[in-house]
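Protein chains: 2
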Amino acid sequence: MLKRRDLNFVLYELLGADALADRPRFTGQGREIYDAVLDTADGIAREFYAPNRKANDQQEPELREGKVVLQPGVKPAWDATAEAGIIASTHDEARGGMQLPHVIASAAIGHLEAANIGTASYPMLTAGASNLIAAFGSEEQKQRWLPPMLTGRFSGTMALTEPDAGSSLADLRTKAIPNGDGTYHIEGTKIWISGGEHELTDNIVHLVLARIDGAPAGTKGISLFIVPRRRLGAAGNPAEDNHVTLGGLIHKMGWRGTTSTLLNFGERGACIGELVGKPHQGLAYMFHMMNEARIGVGRAAMAMAYAAYHVGLDYAQQRRQGRLPGEKDPAKPPVPIIEHADIKRLLLTSKTAAEGSLHLILLCARLVDEQETGDEAAKARATRLLEVLTPIAKTWPSIYGQEGISAALQVMGGYGYAREYDVEQLYRDNRLNQIHEGTNGIQALDLLGRKVVQDDGACFKTLLDELRVLGTGATSAALAPLAAQLQAATQRMVAATQALLPVMGKEPARGLANASLYLELVSRVVYAALWLRQAVVAEVALAAGAAGDDRAFYEGKLQAAKFYFGFELPKHEVDAALLTRNEASAFEMRTEWF
Amino acid sequence: MLKRRDLNFVLYELLGADALADRPRFTGQGREIYDAVLDTADGIAREFYAPNRKANDQQEPELREGKVVLQPGVKPAWDATAEAGIIASTHDEARGGMQLPHVIASAAIGHLEAANIGTASYPMLTAGASNLIAAFGSEEQKQRWLPPMLTGRFSGTMALTEPDAGSSLADLRTKAIPNGDGTYHIEGTKIWISGGEHELTDNIVHLVLARIDGAPAGTKGISLFIVPRRRLGAAGNPAEDNHVTLGGLIHKMGWRGTTSTLLNFGERGACIGELVGKPHQGLAYMFHMMNEARIGVGRAAMAMAYAAYHVGLDYAQQRRQGRLPGEKDPAKPPVPIIEHADIKRLLLTSKTAAEGSLHLILLCARLVDEQETGDEAAKARATRLLEVLTPIAKTWPSIYGQEGISAALQVMGGYGYAREYDVEQLYRDNRLNQIHEGTNGIQALDLLGRKVVQDDGACFKTLLDELRVLGTGATSAALAPLAAQLQAATQRMVAATQALLPVMGKEPARGLANASLYLELVSRVVYAALWLRQAVVAEVALAAGAAGDDRAFYEGKLQAAKFYFGFELPKHEVDAALLTRNEASAFEMRTEWF
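So the protein lines, in turn, are chains G and F.
Residue numbers for the first sequence follow my numbering, beginning at 42 and rising by one.
Residue numbers for the second sequence follow my numbering, beginning at 42 and rising by one.
It is possible that part of the hints are untrue.
The list treats identical chains as one, so a pair stands whether inside a single copy or across any two.
[Claimed, not checked] Lysine-lysine pairs mimicking BS3-like chemistry, simulated, CA-CA at most 30 Å apart:
1. Lys-612 with Lys-216
2. Lys-261 with Lys-373
3. Lys-547 with Lys-369
4. Lys-216 with Lys-547
5. Lys-612 with Lys-502
6. Lys-547 with Lys-261
7. Lys-369 with Lys-319
8. Lys-319 with Lys-216
9. Lys-108 with Lys-216
10. Lys-369 with Lys-216
11. Lys-108 with Lys-44
12. Lys-108 with Lys-369
13. Lys-369 with Lys-502
14. Lys-108 with Lys-95
15. Lys-420 with Lys-369
16. Lys-95 with Lys-183
17. Lys-261 with Lys-183
18. Lys-373 with Lys-216
Note that these hints are calculated values from the structure, not bench results.
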């Protein structure tokens with residue numbers, strides 16, 4: 042569903058993913074295997090996901106005779122995905138995984154997400170939950186839970202949010218009462234739990250944040266538990282009910298194929314959970330997973346923006362309407378609308394959002410690989426970079442991507458707005474990505490209030506270094522002006538940061554008041570660097586004599602980069618000026634004046 | 042549904058609507074009557090519209106046994122609206138109308154649209170169609186069609202678009218074949234016809250654009266016809282079927298309560314139409330109505346943005362979550378989220394979009410009143426101003442309003458995204474406003490390619506004059522900086538315009554390529570002037586000793602104006618720079634490079 046040409050460009054021409062095969066963890070792998078994995082995922086996306094995109098939207102999970110019934114296309118898609126090993130793709134071969142690089146696994150999953158997000162979220166949530174157990178569970182827990190999860194017998198969820206504790210997890214109240222035998226009674230209510238109830242799998246493994254009796258208040262008293270829907274019998278098979286009961290299904294604007302639930306733990310009987318790792322470390326563990334999940338949200342947003350772009354592009358190439366300005370003869374045939382300048386502008390908005398996000402997301406996945414398999418220096422650098430890039434990867438594909446989807450919708454006019462076509466669904470689906478796994482506002486506070494200042498600004502300095510690296514080679518007559526623009530933008534970003542830091546020190550609420558604009562600023566600069574990198578590589582390929590479709594592909598990349606620098610990057614100046622002068626008109630609004 | 046305090050501010054404190062009662066057409070009227078009209082509309086909105094907003098979204102018009110069945114709440118709402126005289130509110134008393142000023146009628150209708158747009162569109166479409174007949178129909182046509190339309194026995198539609206002629210009406214192909222008796226056979230297919238088929242009324246009066254046999258190609262050969270669903274018998278009652286047949290219902294992302302149809306004219310039998318006015322003048326007539334309809338689209342967008350703002354605001358005042366930055370004690374109770382700076386920023390985005398649009402829309406309605414009842418100079422000025430303001434009123438409430446709705450949704454997090462709440466529906470509903478009655482792109486071409494240049498720039502000059510008038514009195518220490526900002530922004534807008542004109546003359550396609558950004562630029566400057574005006578009036582009221590709720594209201598206006606100038610207006614600089622340098626990176630993108 043993602044075009045192979047685009048994936049080849051990012052994976053191999055930009056990120057050198059095939060070179061990972063030289064590392065011990067990936068021995069025996071190589072581009073041939075990676076391409077086969079991508080083919081498989083693409084094939085599954087086309088056969089099992091895309092055909093049900095609409096049906097999955099229209100037939101929401103429904104409660105029938107006490108059971109949550111999913112649209113019939115979900116089960117075959119789940120089975121095909123599990124069977125192809127996609128849930129386990131990055132896990133150790135020793136545990137039945139494919140031991141693939143994250144960058145390849147991420148591209149593969151992108152196929153599924155571009156085709157049908159409502160269905161793709163079941164394997165994605167299960168992969169996230171299984172990764173958490175793999176990272177922090179005991180050996181016994183890994184042996185008991187991972188095999189059925191990785192093979193698709195069990196599915197997984199993340200149960201963090203409560204009705205009164207959403208953005209503020211510090212306030213969560215779900216209780217864990219020690220049973221004395223190492224297990225706990227879990228009591229509480231969780232909301233917005235995706236995949237929280239269904240009959241897709243033999244069991245559902247909830248990873249639940251709760252507070253052990255007597256634990257400190259706030260984030261320091263939160264522990265992580267495995268809480269299955271059904272307890273495991275002696276042979277590790279699901280046995281009696283564990284009293285995780287459905288309080289209700291939530292109906293969302295989009296992303297309708299994925300069950301969204303209110304879950305009550307231990308309301309109608311004992312609900313047993315097992316502690317993962319140490320007490321009170323739950324939030325730290327969850328954040329490990331959450332960083333992955335946040336990049337995952339960005340990937341989903343990218344995939345939707347990508348899908349919408351191609352629907353809009355196809356339409357614009359087919360649809361004939363109107364004539365170019367200056368053509369007064371009504372007898373002349375109408376032109377394909379892609380020839381209208383405003384349609385080009387809309388499509389370029391869509392293209393730069395989608396393809397810029399593809400680059401960012403796979404870069405982040407590549408950095409995760411570096412964290413896991415690089416040498417010490419590379420590991421440290423990748424970690425620092427991921428610290429600052431994660432809030433951007435979480436938010437910008439969903440914000441800029443929504444603009445891109447909206448542009449694709451606009452290209453199609455009424456057809457884009459009609460449910461008979463796909464784009465309106467992508468517009469509804471993607472809007473969630475600005476909310477779940479930490480809203481834009483939470484990500485912005487994370488970026489400015491934490492990531493930029495931590496370790497004496499080491500992460501931020503690494504970002505500045507990466508921006509320079511991405512711009513390397515932009516010295517031609519065509520690209521030098523873009524490189525200069527990037528440099529000026531980076532300087533403005535640095536100046537804004539320096540203006541904010543003292544205010545944050547003196548009066549944190551005031552200093553952080555415009556954090557969302559700071560996130561916007563940094564994101565726009567980062568995308569500029571990514572687009573400049575794409576342009577540099579395209580220019581080299583053109584100089585090397587790329588021909589035919591390849592030539593058009595690289596020319597498109599060059600022109601899209603120019604568009605980004607012409608239309609999108611300049612918006613950062615507004616953010617930078619506002620932050621540098623510490624604009625306080627929102628901060629100083631009083632609640633009673635609304 | 043629109044707060045009376047806001048309406049009073051705009052109608053009486055900003056626009057002096059009550060002074061209209063001095064004019065002959067409005068003799069005997071006055072604020073008491075206007076307030077009573079607003080009360081009535083507000084009451085109908087609360088009793089018949091708001092309670093069905095969700096139901097109207099969930100139970101789409103459905104084809105059952107050959108009939109289009111609407112959600113049951115539509116009929117009582119329609120009846121109450123017709124009975125209260127709202128369809129006929131601006132029509133002559135002699136024809137059974139209320140002969141109200143447009144500015145009052147528009148505010149009244151805003152109540153209905155804020156409450157339930159899917160239902161409000163039936164009376165709105167009927168009002169539009171009846172206005173067209175009143176303006177261009179023969180006396181006989183007026184006598185035959187207006188009474189049943191104005192009293193709600195018949196409803197109306199606008200049938201312009203065809204499957205292959207949307208943005209380009211010049212290409213429409215529906216045929217009108219003269220019958221020799223003054224009537225015509227109508228043959229063709231129309232699409233996206235709102236209210237095109239239902240059992241709400243005894244008859245549906247379609248106002249159809251078609252091409253008389255032998256008419257010239259293009260826009261110059263289009264005529265306007267009245268084509269009823271059922272022909273009228275001798276007594277003017279609906280009699281035999283006129284063969285306007287439903288080709289299908291279209292299912293949209295939002296605005297679901299309003300039937301959207303594909304209609305076939307004359308496919309299954311003779312479909313008789315009567316010409317309105319002169320042959321080949323149809324597009325000019327329709328544009329008269331369309332200007333009204335375009336401001337109407339802006340009003341609907343305003344109403345949705347307004348409704349969303351208040352849902353988000355209520356939520357933010359109730360919902361407690363998290364603590365302010367710097368507060369480290371987790372035992373402290375969470376604060377209402379309205380105290381978080383980012384929530385204030387989102388709510389101010391929503392407020393400035395909603396209340397700025399309310400001002401703009403009622404200003405336009407007030408100008409229509411000036412056109413119809415002012416002296417010659419006032420008439421001419423109002424006409425010029427409306428020429429340039431109409432594309433802005435059509436688009437900016439829907440674009441900026443969508444940002445405002447999205448901000449309100451974001452304030453509510455997952456709840457905003459859930460169909461259990463109202464905001465997601467408003468987000469879906471309002472997206473259409475950027476498309477119907479001429480897309481953003483079409484409006485942008487209208488503004489830059491036509492309105493700005495026509496009459497040697499007379500309309501544009503009048504706009505510049507109006508911007509000055511709106512800024513009058515902004516001389517205090519608080520407002521003088523805003524006035525200076527507005528002046529600088531206006532100068533940038535003028536400079537961009539001057540840079541574009543020669544390019545448009547030499548190479549129209551290149552000069553108009555970024556018309557959408559020009560529309561954005563002018564819109565941001567116009568809203569700045571509107572907000573400055575609101576601030577000036579608020580400041581005067583505060584100086585005059587406003588107290589209590591009134592004081593908070595005016596302080597809120599002042600602070601919102603500062604917010605607009607701090608966060609929103611600066612975005613115009615990006616547009617102005619881009620237009621002034623005639624940024625060509627979108628224009629120069631080749632279709633094969635996509």
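Status of each hint after checking the structure:
1. Taking CA atoms no more than 30 Å apart as the test, Lys-612 paired with Lys-216 passes in neither setting, with 47 Å inside one copy and 49 Å between copies.
2. When the C-alpha separation of Lys-261 and Lys-373 is checked against a cutoff of 30 Å, the pair qualifies only between copies, where the shortest distance is 15 Å, while the shortest distance within a copy is 72 Å.
3. With identical chains, the CA atoms of Lys-547 and Lys-369 are at most 30 Å apart between copies only, with a shortest distance of 15 Å across copies and 64 Å within one.
4. Within a single copy, Lys-216 and Lys-547 get their C-alpha atoms no closer than 37 Å, and across copies no closer than 73 Å, so neither meets the 30 Å cut-off.
5. In this homomeric assembly, Lys-612 and Lys-502 come within 30 Å of each other (Cα to Cα) both inside a single copy, at 23 Å, and across copies, at 29 Å.
6. Taking the shortest alpha-carbon separations for Lys-547 and Lys-261, only the intra-copy value of 25 Å comes in at or below 30 Å, while the best inter-copy value is 68 Å.
7. Taking the shortest alpha-carbon separations for Lys-369 and Lys-319, only the inter-copy value of 24 Å comes in at or below 30 Å, while the best intra-copy value is 76 Å.
8. Proximity of Lys-319 to Lys-216 under the C-alpha cut-off of 30 Å is restricted to the intra-copy arrangement: shortest distance 16 Å within a copy versus 78 Å between copies.
9. For a Cα distance limit of 30 Å, the shortest separation of Lys-108 from Lys-216 inside one copy, 27 Å, qualifies, whereas the shortest one across copies, 56 Å, does not.
10. With identical chains, the CA atoms of Lys-369 and Lys-216 are at most 30 Å apart between copies only, with a shortest distance of 22 Å across copies and 74 Å within one.
11. Taking the shortest alpha-carbon separations for Lys-108 and Lys-44, neither the intra-copy value of 38 Å nor the inter-copy value of 45 Å comes in at or below 30 Å.
12. In this assembly of identical chains, Lys-108 and Lys-369 lie within 30 Å of each other by CA distance neither inside one copy nor across copies; the values are 63 Å within and 44 Å between.
13. For the identical chains of this complex, Lys-369 and Lys-502 are inter-copy neighbours only, at 28 Å across copies versus 57 Å inside a copy, given an alpha-carbon limit of 30 Å.
14. In the homo-oligomer, the alpha carbons of Lys-108 and Lys-95 lie at most 30 Å apart both inside one protomer (23 Å) and across protomers (26 Å), since each shortest distance falls under that limit.
15. In this homomeric assembly, Lys-420 and Lys-369 never come within 30 Å of each other (Cα to Cα): the closest approach is 63 Å inside a single copy and 32 Å across copies.
16. When the C-alpha separation of Lys-95 and Lys-183 is checked against a cutoff of 30 Å, the pair qualifies neither within a copy, at 37 Å, nor between copies, at 47 Å.
17. Taking the shortest Cα distances, Lys-261 and Lys-183 sit within 30 Å of each other inside one copy (25 Å), while across copies they are farther apart (76 Å).
18. For the identical chains of this complex, Lys-373 and Lys-216 are inter-copy neighbours only, at 20 Å across copies versus 73 Å inside a copy, given an alpha-carbon limit of 30 Å.
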